Amino acid sequence: MRLLRQANNLKVSGIVVLFAIALALPAISPDPATTNIAVFTMMYIGLATAWNIMGGYTGYISLGHAGFFGFGSYTLGLLLAHLGIKAGYTPFLFVPLAGLATAVLALAIGWFALRTRAATFVIVTIAFMFMLQLLAENLVGLTGGGGGLSFPVPPWGGDYFNTPYYYAMLALATLGLAISWRIRRSKFGLGLLAIRDDEDKALAVGVPTRAFKLTAFVVSATLVGMIGGVYGYYVTYIYPQFVVDPLIGISMVLMVFLGGLGTISGPVLGALILEPAQLWLAYNFGASRLYLVMYAAVFLGVILLLPRGIVPSLVELVERWRARTGPSASAPSKAVAP
Amino acid sequence: MTLVLEAAVLGVLTGGVYALMASGLTLIFGVMRIINVGHGALVVLGAYLSFAASRSLHIDPFLTLVITMPVMFLLGMVLQIVFIRPLKTDREALSVLVTYALALGIEGLLGYFFTANYTQLQAWYDTASFPIGSFRITYVYVFGFALCLAILAVMFLVLYRTTFGASIRATMLNRTAAQLIGIDVDRVSAVAFGIGMATAAAGGVVFGITTAFNPGSHYDLISRLLTIIVLGGLGSLRGAIVAALIMLVSEDITAVLISPVWANFVFFVILVGVLLIRPQGLYGVRVRDRL
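Protein chains in written order, with my numbering: chain A, 1 to 338; chain B, 1 to 291.
Because the hints were derived from the structure by calculation, they are not lab data.
Below 20 Å or equal to it, Euclidean Cα-Cα: the simulated DMTMM-like pairs (lysine to aspartate or glutamate) are:
# : chain 1 : residue 1 : chain 2 : residue 2
1 : B       : Lys88     : A       : Asp197
2 : B       : Lys88     : A       : Glu316
3 : B       : Lys88     : A       : Asp198
4 : A       : Lys201    : B       : Asp90
Treat the numbers as computed from the prediction; the structure is a model and nothing was measured.
Generate the whole structure from the sequences, applying the supplied hints.
Printed below as a string of C-alpha cells:
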C-alpha cells in the first residue's frame with residue numbers, strides 16, 4: 001500500500017513539475033523561433049488528446065478530424081469578420097463559440113457516420129473531410145473560396161507575439177487532458193473501452209453504445225474545433241487545403257499511436273516527440289520533397305517497431321520487472337492506461 | 001438534352017477507368033481486410049512510370065503497360081511482404097497508417113525525381129476525336145474504356161475460372177477457414193496486392209493521358225476511390241464497378257446541369273443517402289462485427 005501511495009505521489013508531483021515548466025516556458029525561452037515550435041507542439045498535444053478520446057477509447061479510427069479543425073478555424077474567422085471584432089485578446093473569447101458550432105456539426109456527422117463500423121467508418125470520415133474541404137472552396141460568398149480568409153492581425157510585437165497563442169493552446173490542451181482523465185475514470189469511459197473491446201457484447205450487457213459513441217465523437221471534435229480556431233487566429237490567413245489538411249488529421253493519429261492508443265499520457269508523449277521532429281524535418285529538408293520521404297520513414301518505423309505505442313510497452317516492461325522482483329508486486333494486469 | 005446524353009456517355013467511359021482502379025482497391029480490402037490509402041499514390045506512380053518509359057523508349061503510353069504492369073506487380077508483392085505482413089494486431093487501423101505513410105513516401109520520391117509541376121502523358125489520340133450523332137468523343141476515352149474492360153475481364157476470369165482465383169475468393173470469404181483447408185493465405189495476400197498494383201498501373205496510364213497530374217494528385221484520387229468502394233460495399237468487385245459508373249455519370253451530368261465545381265459534391269450526397277439506408281453499401285454483406 002505504501003509503495004502504491006509513493007508511486008501516486010511521484011506521479012502527482014511529476015505532473016505538477018511538467019505543468020509548471022509548461023507555464024513558465026515563454027519566460028524561460030522567449031525567442032520566437034522556440035515559442036513558435038512550442039505553440040505547434042502544444043497544439044498537437046491538444047489535438048492528439050482530443051482524438052484519443054474517440055479513437056483511443058472507442059477504437060473508432062477517424063481520419064477526418066482535420067475537417068473539424070478546419071471548420072473551427074473558419075467559424076472563428078467568419079465570426080470575427082462579421083462581428084467586426086478587433087485584434088487583441090477578445091478573439092480568444094469567441095473560441096468556445098467556434099467549439100459550439102463544431103459540436104453541432106459533429107453531432108450531425110457523427111449521427112450519420114456512426115451507423116457504420118470499422119473500415120467503413122474510417123472511409124466515411126475521410127469522405128466527410130473532403131466534403132467540408134469542397135464546401136469551403138465552393139461557398140465562395142461565405143468563405144472566400146480558394147482566395148482564403150484573413151483574420152485580424154494582433155498588434156503584439158517581437159518576442160511577445162507567440163505568447164498569448166501559446167497560453168491559449170496550453171489552456172485547450174489542459175482542458176482536453178482534464179476531460180480525457182475524467183472520462184477514463186468514469187463509468188462512461190468504461191463503457192467506451194467496452195465498445196472498443198467488443199461492441200456487441202457491450203450492447204448486450206446494457207451499455208448504450210450509440211449514445212456513448214456519439215458523445216465521445218462530439219467531445220473529441222469540439223476540442224479539435226476550438227484548437228483549429230486558435231490556429232487560424234495564429235496563422236492569420238487560412239484557405240481550404242491549408243486548414244482542412246489530411247496531413248493534420250493523420251499527424252494526430254500517428255502521435256496517439258506512437259505514445260499509446262487509449263492512454264492518457266501517450267498522446268502527450270507522442271506529440272512532444274513527433275511535432276518538433278516534424279518541424280525540424282520541414283525546416284531542414286522542406287525545400288526538397290525528401291522531407292515527405294523522411295516523414296514517411298519515421299512513420300513506418302514507429303508503426304512497424306512499436307505497434308502498441310511507447311507507454312503500453314513501458315508499462316508492460318515495468319510490470320514484468322515488478323513481477324520478477326519481490327512478492328509485494330501486484331499481479332500483472334493487462335491494463336493499458338497508467 | 002444532348003449535353004446530358006453526352007455527359008452520360010462520357011461518364012460511362014471514364015467510369016470504366018475508375019471501376020478498374022477501384023476493383024484493385026476493393027480486392028486488396030477483401031483479401032487482407034486492409035484499407036490501402038496508398039492506392040491513389042500507386043496510380044500516380046503508375047502514371048509516372050509510363051511517362052518515363054514512353055519518354056525514354058519513345059513508345060506509345062499504352063504499350064508501356066507491358067513493362068509497368070509486371071514491375072508494379074512485383075513491387076506490390078514486395079510492399080505487401082515488407083510493410084503489410086508484419087502487422088499482426090489491429091490490422092485495419094494500422095494498415096491505414098502504414099499505407100498512408102507509403103503514399104507520402106511515394107509522393108515525396110516522385111516530387112524529388114519529377115518535380116511538383118503538372119505533367120500529362122501524350123499520344124496522338126489524346127485530343128483527336130470522332131463524331132457520334134451530334135457530338136464528338138475523344139479517342140482516348142474509348143481506348144481507355146476498352147483497355148479497362150479487357151483487364152477487368154481477365155481479372156474476373158482469373159478469379160472465377162482458375163484454382164488460384166478460387167483460393168483468393170476463399171480468402172476473401174473467410175481467412176481463417178481458408179488457412180484451415182490448406183490455402184497459403186500469405187502468398188494469396190501478396191499476389192492480391194500485386195494484382196491491385198498492376199491494375200493501378202493500367203488505371204494510371206489512362207488517368208495520365210486524360211488528366212494533368214503531379215505527385216500530389218493522389219489525395220483527390222484516393223478520396224474518390226475510397227468513396228466508390230464504400231458505396232459499392234467493401235470487398236465487392238461488382239459493387240466497385242457499379243459504384244464507379246454511378247459516380248462518374250452523376251459527376252459529369254452535374255457538371256453540365258449545375259456547375260463543374262459541384263460535380264464531386266453530388267457523389268458524396270449519393271453516398272450519404274445510400275449509407276443511410278444500407279450502411280454496408282450497395283453490394284456489401286453485413287457482417288455484424290466487421291463492418
